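Colleague: With the sequences and hints as input, model every part of the structure.
Protein chains in written order, with the numbering used here: chain A, 1 to 214; chain B, 1001 to 1352.
Quick caveat, the hints were computed from the structure, so don't treat them as lab data.
Please note that the accuracy of each hint is not assured.
With a Cα cut of at most 27 Å, we get these calculated DSS-like pairs of lysine-lysine [unchecked claim]:
| id | chain 1 | residue 1 | chain 2 | residue 2 |
| --- | --- | --- | --- | --- |
| 1 | A | K59 | B | K1256 |
| 2 | A | K82 | A | K24 |
| 3 | B | K1021 | A | K57 |
| 4 | B | K1270 | A | K59 |
| 5 | A | K57 | B | K1256 |
Note that the structure is a prediction, hence the values are computed from the model and not measured.
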Amino acid sequence: MGKEELLKAVEDALIKLDEGALMKACDDALAGGVEPLEIIEKALTNAMTTIGDLFEKGKMFLPQIMVAADIMKKATAKLEEKIPADQKPEKLGTYVIGTVEGDVHDIGKGVVATLLKVNGFDVYDVGRDTPLQNFVDKAKEVNADIVGASALMTTTMVGQKELIELLKKEGLTCKTMIGGAAPTARWAEKIGADAYAENATEAVEVAKKLVGAE
Amino acid sequence: MEYYCRLGDGHLIKMTKEDMKNSIEAGTNDAAERGEIPALTDDEQEFLLDIMCNPQKNVSVEPGNEIVVTHDIGTIRIDGDQGNSGVGIPVSRLAGILIHERAFGTDTMELGHIDYSFKPVKPIIFQEQQTVERVNLLATILVLYGAMPNLGLYYYPDGPFNNPSERFQAGDVAGALEAQEKAAEHAHRDMVYIMKNLWDVGCEGVNFDTTAAAGDADFYATLMATEELKRDTGLVVEMGMAAENVIGIHGSIEYKGMRLAGLYPHEQVKVAEKAGVDVFGPVVNTNTSRDMAWNMARAVTFVKACVEASDIPIHVNMGMGVGGTPMFETPATDMVTRASKAMAEVAKVDGI
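Modeller: Structure (structure tokens):
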């Protein structure tokens, strides 16, 4: 098999959530001379993107994504053993996420947090109905690359604006993202957020761009 | 020549007829691909293009194509301010219903409380019984009692069960699934308790609004409640959905042999029928970054497939961010009337 076919076999095995086939495909790719870092960055990453798309279209569900993340982690660990210490892939970034104070909605934010985590971000979920200062404190504590704020309602989305003002006031230079039901790209622009995402899958892609991973 | 259109966030834009045509084609194809349903025909796309390019600010249906119009949470839309998409005129819930019936010509109405989830109704059930009795003494139209199943209220910190989001993030998939199954049992029990108590004082029906907002377990709880209420009471059941696709937070819950996760409107309605639902309200989400020609074509495609699959009346959800209308507290009438005409005359819905 050529390199492209070897990478495709890895990708397909992860999408099918077949741990045995994934491990074998990784072994085959390594034996075929494919660099372990390339297997991670191309095949495994592409597979997780496809899995995100399938989730967004209702063809794959959250528990299956957790299974995918679990077997990807095992495959990554196996591949990283072959990578010199100075070339090991770094975490994509550190992401602090929460729903702003006054808004008790948790479901959408939780889905976004889960997808970010399985796609390689270090995620710190500060919960829902969260005082704005908690976002700031956590972002300082973990040296966040991105702070993401969710708001479902028109009555609470103003909290996103106040959070961005507070982050600036406290001197944080991390990127900011917003989402939820009522917020829009225009609202993000108006309040000075760095990015907006329409849904959970898009949130992952946008976050990757913000940290320069795409 | 350019025509006025809007983005999904309500922002006014201008588009050429060619751009509008391309958007309609892309919108219907997107729905067709996701839902594995037919795209709109060339004639239907042309009809939508005519609606979008109509020079009038507002449009309407041809005589004879009028349909039923009902309102969820309209009871408090007069009293509520802009924070509730209302107009801030202080009136009671009873007056709100009568204004809709006698001034606005609404065909059916819904009585709901300000928090609008079922769970918090339980401790105030006697207040709600009293209000139902008063409303029924004065209103002529069918008045449903409406609220959200809202499974989220059964999870920590609002309820007794583990929060699935936290469990998933901790890698505890089994814990996340178990929490949802337990929450569904409790939500089912609460919805039945509340509606049986309201049935006892003469309530005519129930509207399960934003069903499946918390995923497939939320949908399951509502189907089980419907089944029990249809068996034990004479309540009319309307089921309005929360999104075009049932999000699979559990992923493997089934109702009568049908997996609930991932269902689109034309599949959701068949499950609803099995449970005994009388009127079904499909939802199609608006993409706020795309134009309304795209959004409207997409919404009409999903809803048309739902109507064709259904054996019960379809009252499509239309308003702030769903059903081919912009995501805005009070969406502009230009797009609301265009979407309404398209739903009535292309999707052939029974009501809005």
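Colleague: It remains to establish, for every hint, whether it holds in the given structure.
Modeller: Going down the list of hints, with the structure as the test:
1. A/K59 / B/K1256: holds (20 Å)
2. A/K82 / A/K24: Since the Cα atoms of A/K82 and A/K24 sit roughly 15 Å apart, the hinted pair holds (cutoff 27 Å).
3. B/K1021 / A/K57: holds (24 Å)
4. B/K1270 / A/K59: holds (19 Å)
5. A/K57 / B/K1256: Holds - the C-alpha atoms of B/K1256 and A/K57 are around 23 Å apart, at most 27 Å.
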